[in-house]
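Participant: Residue numbers (my numbering), protein chains in the order written: chain Y, 1 to 449; chain E, 1 to 449.
To be clear, the hints were calculated from the coordinates, so they are not data collected in a lab.
Incorrect hints may appear among the rest.
A pair holds if it fits inside one copy or across any two, identical chains being indistinguishable in the list.
Derived SDA-like pairs (lysine to any residue); straight-line CA-CA distance at most 25 Å [as the list claims (entries may be wrong)]:
id, residue 1, residue 2
1, K275, L354
2, K25, I179
3, K201, A36
4, K175, H202
5, K201, R157
6, K356, T148
7, K356, E256
8, K266, G381
9, K266, E256
10, K272, D344
11, K201, L156
12, K100, R185
13, K175, A108
14, K163, Q88
15, K25, Y127
16, K163, L110
Protein chains: 2
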Amino acid sequence: MELLVLIHLLRAALESGDFSELADKLADTHPADLAAALAEFSPAHQWQLLTQCPLARQAEIFVYLPLEQQVQLAHSISRARFTPLIRQMSSDERADLFNKFSDEQKQALLPALAQAERDDILSLSSYSEGTAGAIMSSDYAMLSPHLTVSEAIEVLRHEAPDKETIYLSYVVDEKRALIGALSLRELILAPASALVDDVMKHDPIQVTADSSQEEVAALIARYDLLAIPVVNQQGQLVGIVTHDDAMDVAAAEATEDFHKTATIGKLEGSVKDAKISLLYRKRVVWLVVLVFGNIFSGAGLALFEQVISQHIALLFFLPLLIASSGNAGAQSGTLMVRALATGDVKLRDWGKMLGKEVLIASLLGLTMAAAVSGLGFLRGGADISVVVAATMLLVVMIGSLIGLSLPFLLSRFGMDPATASGPLITSIADVAGVVIYFSIASWYLELVL
Amino acid sequence: MELLVLIHLLRAALESGDFSELADKLADTHPADLAAALAEFSPAHQWQLLTQCPLARQAEIFVYLPLEQQVQLAHSISRARFTPLIRQMSSDERADLFNKFSDEQKQALLPALAQAERDDILSLSSYSEGTAGAIMSSDYAMLSPHLTVSEAIEVLRHEAPDKETIYLSYVVDEKRALIGALSLRELILAPASALVDDVMKHDPIQVTADSSQEEVAALIARYDLLAIPVVNQQGQLVGIVTHDDAMDVAAAEATEDFHKTATIGKLEGSVKDAKISLLYRKRVVWLVVLVFGNIFSGAGLALFEQVISQHIALLFFLPLLIASSGNAGAQSGTLMVRALATGDVKLRDWGKMLGKEVLIASLLGLTMAAAVSGLGFLRGGADISVVVAATMLLVVMIGSLIGLSLPFLLSRFGMDPATASGPLITSIADVAGVVIYFSIASWYLELVL
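Isolated chain Y (complex conformation) (with noise of 0.2 Å):
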């Protein structure tokens, strides 16, 4: 259903107070458009129009809010009626949610819970961001490997309503220590007397909960898994991290790299919603930090004063000889950032790539020389031509050499490549380009006039 219909169909049910019919229209509708629908309206009627439904399916449609607006929601509402709906959620979301309460919420929600549902609560949240452990549910598939086939296969039935998955199961021993896994696939297709340790993939492909979310996004995307196990530093399983949570991690690693190489710092959740000062505080930090980057290629400019009075034609030239030396330089950096990020080129593969470089640099000097050596000419004569194409040769080259080594400099000191991003590249290969283009131009002119 469209969202417009769908946001006019609440709007109409809030205001007749008649709920009757809403149930059997939005049965079929996925619970994602009808948090995208509920999210137009305030907490109170959000917690009016969801409490029309079901429980579970309340909590499947809350799940799907912005995290802000589930906070919200929560703080609009008494403890004893929120209460019930948290207790229904999957425990990452549940812990994700938790997370954002204040210490306060938390003491208050705390003792209103199971103790299994505390333990695993406080548990869940105790990852720090960007792991593993910060994204994994704890609802996940487990066997004992001396059950028979058909007995997993009861197993998984029985636990089927409260499971992240069951189409991965992961085997443990007495220890809770992860020994093996099998998908549903394959039980089905096993003999109902084999044992499950017979039938399982033994060591299966598994991340600790301190490993980074990008690692997990990358496991899950090279070796197409639907659900990847997480164990602690005993080995214990301890969660699992599913395809949709890595997609979601890989779309917002993009985005984190996107803002980056723009200079922008790291934004979490909507731009179209980020508050003003949100966006001005991660913007102008680099702004200004590059402002004084410049100041060098103006200082340059300063150094050449002389120059450039007696030859002001040289001026012409400036914008796009500097410009060329950083568009240049911004491909290769933006190549090599988002090669290194998806793991097609490692940090050994430096020298390869240098190499390849210094050609590939070479020859789009040699083009870029060709097609200003037409304009230096007809503009100021065959001197001015042959600085003009002997600096954009040289820029290009730099510009470019720069724009590959930055980001594997970068990554071989432990920081993040994408920081090596367009303005920056383009601001030193800026000061490159001035003090090249007028020391060629001061020695050649002198030597020929």
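Fit chain E to the given chain Y structure using the hints.
Facilitator: Positioned in the frame of chain Y, the structure of chain E alone reads:
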């Protein structure tokens, strides 16, 4: 197993000619890892190693090889030996490979296949690149609405080995029109004697074969789907796209957008393995185009040669003013390009975003103006300080507004917003910066001096 250990093992087996121990050692190794190791060998050796495995496993490993290597390997062995392997491949991978074949190879292969396989390959390979059809698999599980739940489970058990997934089944009527979807979890939980028709979800989320892959990936992410059914214009089920393919599509789209923001043309496959001539071609076009864009900045400078000669101190501030304009523009441009790509911001949000950006850009401009006014005073006195600060405020605002608007404008006219790359915005901001700076300077300095 570590990649290098794996390569070593394979090499040792090739040298000794003794493959007897290999099978046991590699039984638990993921096909993706085996393919990564195989990729380091020549086609002849790849084939020799592959054929040590049973046919089904051969196909599993083969599809993880880079597509170019699959083509090479297919070239290097006889049709009779290759045909069994291609018959074993999953339908989507097989169609991708077929699309890379020469016409001769295609003509040679087709007669060796059964009618159904031939039709399947021809049909799947007929969809244009970038559509759902081009990545979908025809190995989906299909059910009739009249089956009982226990009959349906029996059908799935029987078909499991040949299907991409059995965790989602699609229900079609006698004309093969898609009428419902059903997860294996739902089947397992339903009463054995219930009818599929009564348990299934009606009107499932679906796409048509000509939908864009981006749209497919976005739907799978939004609704946390394991797979999405693909229908033709008549509503008949023709394929499914699974979550892992959607994740690959999302990553490839992000890479393409990254490259675009640095004016690099669409690159398929690995940057590491890309030929120098290919990288050159993908980079040179925009570099040359932007040179001609930057001529306008040069012309702007030439226009003000007189003011510059009289106040050569102005030059010192030129790089940082135009760089700041470009940097602010790259920030707002990148924020919008990514937000439009993820769906966070829609075309209709332009007004709202523009209003916010005016405020943010004013704040940024004022901060930057304050930062450079002191520098202007120290370097050139009060008059220069006024000119520089006023210019900074204006150029940061104009740069930001250009950066924000360009992606919307491109999107409005059906072009990819990612074309509004940093370098393009920078070039436009440069021209504006030069003209604004020297216009203010010549007006103000004439006024006060």
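Participant: For which of the previously enumerated hints does the structure constitute a violation, in increasing order of number?
Facilitator: 6, 8, 12, 13 and 15
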